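Model the full structure from these sequences, guided by the hints.
Spelled out from the first residue to the last, the chains are:
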Amino acid sequence: MAKLNINGTVRDVAVEPDTPLLWVIREHVGLTGTKYGCGVAQCGACSVHINDEVQRSCSIAVGDVKPTDMIVTIEGLWVGSSHPVQKAWAAVDVPQCGYCQSGQIMAAAALLKKTPRPTDGDIDAAMTNICRCGTYQRIRQAVHLAADAGTTGRRAQGG
Amino acid sequence: MQSVVIAKRTKLSRRDFIVGSAAVAGGGLALGMNVPFGIRPAQAQGAATEVNIWVAIKPDDTCVIRVARSEMGQGTLTGLAQLVAEELECDWNKVTTEGITPARNLASKRAWGEMGTGGSRGIRTSEDYVRRGGAAARVMLLQAAAEQWNVPAGDLAVSDGVITHAASKRSIRYGEIAAAAAKLTPPDPKSIKLKDPKSWKIAGQPLKRLDTADKLDGSKVFAIDLKLPGMLNAAIKDCPVFGGKLKSYDESKIAGMPGVKKVVRVKDTAVAVVADTWWRARKALDALPIVWDEGPNASQSSATIAGMLQDGLNASATNGDRRNGDAPKAIAEAATKIEAVYATPFLAHACMEVMNCTVKLSADRAEAWVPTQNLEASLAALSETSGIPLDKCEVHRIDLGGGFGRRGGTQDFVHQAVEIAKAFPDVPVKLIWSREEDQAHDFYRPISQCKLSAGLDAGGNLVGLHVRVSGQSINAMLNPKGILDGKDMRQLQGYSATPGDAQLGYSVPNLLIEYAMRNTHVPVGPWRGVNTNQNGVYMECFMDEVAKAAGKDPLEFRRALMKDFPKHLAVLNAAAEKGDWGKPLPAGVHRGIAQFMGYGSYSAATAEVSVSAQGKLKIHRMVLALNCGHAVNPGQIAAQVEGSVAYGLSATLYGEMPVENGRMTSLNFDSYEILRLAEMPKVETVVVPTYDFWGGVGEPTICVVAPAVLNAIFAATGKPVRSLPLKNVKLT
Ligand code: FES
Ligand code: FES
Numbered sequence: 000m001a002k003l004n005i006n007g008t009v010r011d012v013a014v015e016p017d018t019p020l021l022w023v024i025r026e027h028v029g030l031t032g033t034k035y036g037c038g039v040a041q042c043g044a045c046s047v048h049i050n051d052e053v054q055r056s057c058s059i060a061v062g063d064v065k066p067t068d069m070i071v072t073i074e075g076l077w078v079g080s081s082h083p084v085q086k087a088w089a090a091v092d093v094p095q096c097g098y099c100q101s102g103q104i105m106a107a108a109a110l111l112k113k114t115p116r117p118t119d120g121d122i123d124a125a126m127t128n129i130c131r132c133g134t135y136q137r138i139r140q141a142v143h144l145a146a147d148a149g150t151t152g153r154r155a156q157g158g
Numbered sequence: 000m001q002s003v004v005i006a007k008r009t010k011l012s013r014r015d016f017i018v019g020s021a022a023v024a025g026g027g028l029a030l031g032m033n034v035p036f037g038i039r040p041a042q043a044q045g046a047a048t049e050v051n052i053w054v055a056i057k058p059d060d061t062c063v064i065r066v067a068r069s070e071m072g073q074g075t076l077t078g079l080a081q082l083v084a085e086e087l088e089c090d091w092n093k094v095t096t097e098g099i100t101p102a103r104n105l106a107s108k109r110a111w112g113e114m115g116t117g118g119s120r121g122i123r124t125s126e127d128y129v130r131r132g133g134a135a136a137r138v139m140l141l142q143a144a145a146e147q148w149n150v151p152a153g154d155l156a157v158s159d160g161v162i163t164h165a166a167s168k169r170s171i172r173y174g175e176i177a178a179a180a181a182k183l184t185p186p187d188p189k190s191i192k193l194k195d196p197k198s199w200k201i202a203g204q205p206l207k208r209l210d211t212a213d214k215l216d217g218s219k220v221f222a223i224d225l226k227l228p229g230m231l232n233a234a235i236k237d238c239p240v241f242g243g244k245l246k247s248y249d250e251s252k253i254a255g256m257p258g259v260k261k262v263v264r265v266k267d268t269a270v271a272v273v274a275d276t277w278w279r280a281r282k283a284l285d286a287l288p289i290v291w292d293e294g295p296n297a298s299q300s301s302a303t304i305a306g307m308l309q310d311g312l313n314a315s316a317t318n319g320d321r322r323n324g325d326a327p328k329a330i331a332e333a334a335t336k337i338e339a340v341y342a343t344p345f346l347a348h349a350c351m352e353v354m355n356c357t358v359k360l361s362a363d364r365a366e367a368w369v370p371t372q373n374l375e376a377s378l379a380a381l382s383e384t385s386g387i388p389l390d391k392c393e394v395h396r397i398d399l400g401g402g403f404g405r406r407g408g409t410q411d412f413v414h415q416a417v418e419i420a421k422a423f424p425d426v427p428v429k430l431i432w433s434r435e436e437d438q439a440h441d442f443y444r445p446i447s448q449c450k451l452s453a454g455l456d457a458g459g460n461l462v463g464l465h466v467r468v469s470g471q472s473i474n475a476m477l478n479p480k481g482i483l484d485g486k487d488m489r490q491l492q493g494y495s496a497t498p499g500d501a502q503l504g505y506s507v508p509n510l511l512i513e514y515a516m517r518n519t520h521v522p523v524g525p526w527r528g529v530n531t532n533q534n535g536v537y538m539e540c541f542m543d544e545v546a547k548a549a550g551k552d553p554l555e556f557r558r559a560l561m562k563d564f565p566k567h568l569a570v571l572n573a574a575a576e577k578g579d580w581g582k583p584l585p586a587g588v589h590r591g592i593a594q595f596m597g598y599g600s601y602s603a604a605t606a607e608v609s610v611s612a613q614g615k616l617k618i619h620r621m622v623l624a625l626n627c628g629h630a631v632n633p634g635q636i637a638a639q640v641e642g643s644v645a646y647g648l649s650a651t652l653y654g655e656m657p658v659e660n661g662r663m664t665s666l667n668f669d670s671y672e673i674l675r676l677a678e679m680p681k682v683e684t685v686v687v688p689t690y691d692f693w694g695g696v697g698e699p700t701i702c703v704v705a706p707a708v709l710n711a712i713f714a715a716t717g718k719p720v721r722s723l724p725l726k727n728v729k730l731t
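Chains as they are written, first to last, in numbering that gives the first Met the number 0: chain A, 0 to 158; chain B, 0 to 731.
No lab work stands behind these hints: they were computed from the structure.
Don't take every hint at face value.
What the hints assert, rightly or not - Simulated pairs of lysine to any residue, SDA-like, Cα-Cα distance not exceeding 25 angstroms: (1) B:Lys226 - A:Asp123; (2) B:Lys226 - A:Met0; (3) B:Lys726 - A:Pro19; (4) B:Lys260 - B:Gly112; (5) B:Lys200 - B:Ser218; (6) B:Lys226 - A:Ala60; (7) B:Lys681 - A:Ala60; (8) B:Lys726 - A:Asp123; (9) B:Lys260 - A:Arg116; (10) B:Lys226 - A:Val12; (11) B:Lys182 - B:Gly112.
Since we're looking at a predicted model, the values are computed, not measured.
Below, the structure written as structure tokens:
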């Protein structure tokens, strides 16, 4: 049994404590936007935010997650799916098959939260998720675009 | 303020597909087929009227365009919709798409044509009939309006789905006239004159994809995400040695593990554990003691396989050739001789979404949900293994999380899923491969070696070229009928004398190109770009070696051989020009160039690289030029080119599947490394369509990626790279 706070909702899940958080999210909670790609913390398809840090959920045992840990999945990233990263992804037409993109978007959102105006070097270091369709060039473009939009947005709010 | 918005239209999703289909069935029009989907309940909006098999229109003017090919990220769905919409003259902002299932196609005598999506054929082999479909619908809509107003159809104009009669200032929208149009006799599609691409307004434009919105918020349902009532999950292990068998397993050791329902023997080579969740199935499978009968192939290794290939480089008999003049003699008598042996390894596809398939079998009905590049082949596999007749089978369409050639011809995952589902009548069972299983049981890009020899005369002109490819045959594995009289020309893809699919762009007075088939025990299959990958590396890297021996610039050396091949040459020139060939570079940066043909399209590339004193490679910039005949969506073409660079560079830098004890050893991304964003060079795409043929897009450019980079490294270090991947090559 585990108590999890996912996207702001606390729930109890009946599951063995060594189950990877990824599979709890997908199979017990039923949120399938978080993907399985490798299971060994290599690809980032399973990326979620835990207390605002991007984490690879395939390699975290659910037993190690505290009830107070705030887990955010792609489904809970932003109400109305209009996070600046999601908007930028649409504007640049980033996704091809789309399978890796939940993870990419979660990684980009975490990067921008910490580093609102990332350099190419910051993007290189933070965006280590695998995309087999090869959307990397557009991901880089979209991260910059989201950064621009984010900054504009804050200014508009009067800061 | 905000510079970007998500287009509202892209929110139209699978739900609209269902509405369209259900409406067609309910309306009792031409195709009274029931198209179940089973993921989300249909929401009635306004019924769509089927004007013809490609086009259905709703009262609110939404144009539902039917698509038969699979979408795996390559953008075919959007491109095909653009072609139909172009001829239909509808409002692009009101276009949505509906996928055809294979049972529906079959029941309609394959009205929607071939469904296979491979070989970069998605658009080039359906463009004619889908455009005629769109045009025929337009003719019917115009005719219906003409009859309603009692005016000649020729006096009407149409734009963005609104028909107007200038003289009487009347107008009517497609949504208002569709029902009347559907009652008319369709025109003979052959009588229709298609638009000149010069007047295209929707096709030819870099429009956004139609299928993006649900990829941004996690709501897109891939087959691996499927949830069906009562569904069970299966994990599988096939004998790690290809050709080996399952001997036994000890079920008692996993008795009582949570969620486990059953252990199922799958044919005589594999075992699956079925549980309530996939994770529990996998955990139990990992705990299950299994004894394999590994068979004789267990003694095979990368070294034994390399030995077979080396033998083929020198053997007397071959399995196909092309020749003119007498190359061996010309080379023997040449002033300068150059010889080199190249090698490329087995490669896994590593689709981001692992192989999976969900099957539900009842007494008289079989259903599958599967990411597949060939829906009809999946349907056939479902019927064959279940024993349920084809007309009682259905394969539901779901977009793929990558394909790259893995999910077309073999359908091994469907056969397995059906075998497992047989143990659970009336219960849907979802089989998911682990990444390790996916790496261990692929149909790999075939391994090969190539010996090349060339002769130059005293003036540095190429007088003879001899190419001997020794390697595994895809046809021998998957399509024996493709081998005629022991000759398998597919393995010489890219070296063809004749125009069409993959013609060699050089004239050499004495030329001999040969193939020696050496089949290993490892299964092989098509891998994005197929044999143009290896053959492109061999030909194009060797060209640079020969050019250097001739003391000539690699571009000039090629140009001199390409006078008879204006299309190849034009693309090479485009890459050279946009790639700034001959212009100064920053210190330490070097350029390479390559050109090759595949899938009916012409490709060329330049690469700019630097190699540090420690041998560290950095790829700064690549320029790729492509003539694919017609450019249906330049934005999506650029996306495919960028993707082909990433896929090609993963192979160039890291890709190899070594064999030890008869099995694969690189079973996850820690050992089978994939290119990451930080290593992605700046890619510039130059599309130079000549509009006199239809070529492919998804695959053509990958074959010039590795050679352009390797030639740049050659320019940087002075040493040719003759075997891949680069991670095994010292560049100092
Ligand atoms: S699935 Fe977690 S990193 Fe790949
Ligand atoms: S978009 Fe297909 S794997 Fe990234």
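Evaluation of the provided hints:
Using a Cα cut-off of 25 angstroms, the hinted pair Lys226 (chain B) and Asp123 (chain A) is violated, with the two alpha carbons roughly 36 angstroms apart. Between the alpha carbons of Lys226 (chain B) and Met0 (chain A) the distance comes to roughly 23 angstroms, so the proposed pair stays at or under 25 angstroms and holds. For the suggested pair Lys726 (chain B) and Pro19 (chain A), the alpha carbons sit about 32 angstroms apart, so the restraint of at most 25 angstroms is broken. Of the supplied pair hints, the one linking Lys260 (chain B) and Gly112 (chain B) is violated, its CA atoms being roughly 42 angstroms apart against a limit of 25 angstroms.
Distance restraint check for Lys200 (chain B) and Ser218 (chain B): the Cα-Cα separation of roughly 32 angstroms exceeds the 25 angstroms cut-off, and the hinted pair is therefore not satisfied. Distance hint between Lys226 (chain B) and Ala60 (chain A) is fulfilled; the C-alpha atoms sit about 23 angstroms from each other, no more than 25 angstroms. As the CA atoms of Lys681 (chain B) and Ala60 (chain A) are separated by approximately 38 angstroms, the hinted pair breaks the 25 angstroms bound. Distance check on the hinted pair: Lys726 (chain B) and Asp123 (chain A) sit about 20 angstroms apart at the alpha-carbon level, within 25 angstroms; holds.
Among the hinted pairs, Lys260 (chain B) with Arg116 (chain A) is inconsistent with the structure: their alpha-carbon atoms are about 52 angstroms apart, more than 25 angstroms. At most 25 angstroms may separate the alpha-carbon atoms for a hinted pair to count; Lys226 (chain B) and Val12 (chain A) meet this at roughly 18 angstroms. A hinted pair counts as satisfied when its Cα atoms are at most 25 angstroms apart, and Lys182 (chain B) with Gly112 (chain B) qualifies at roughly 24 angstroms.
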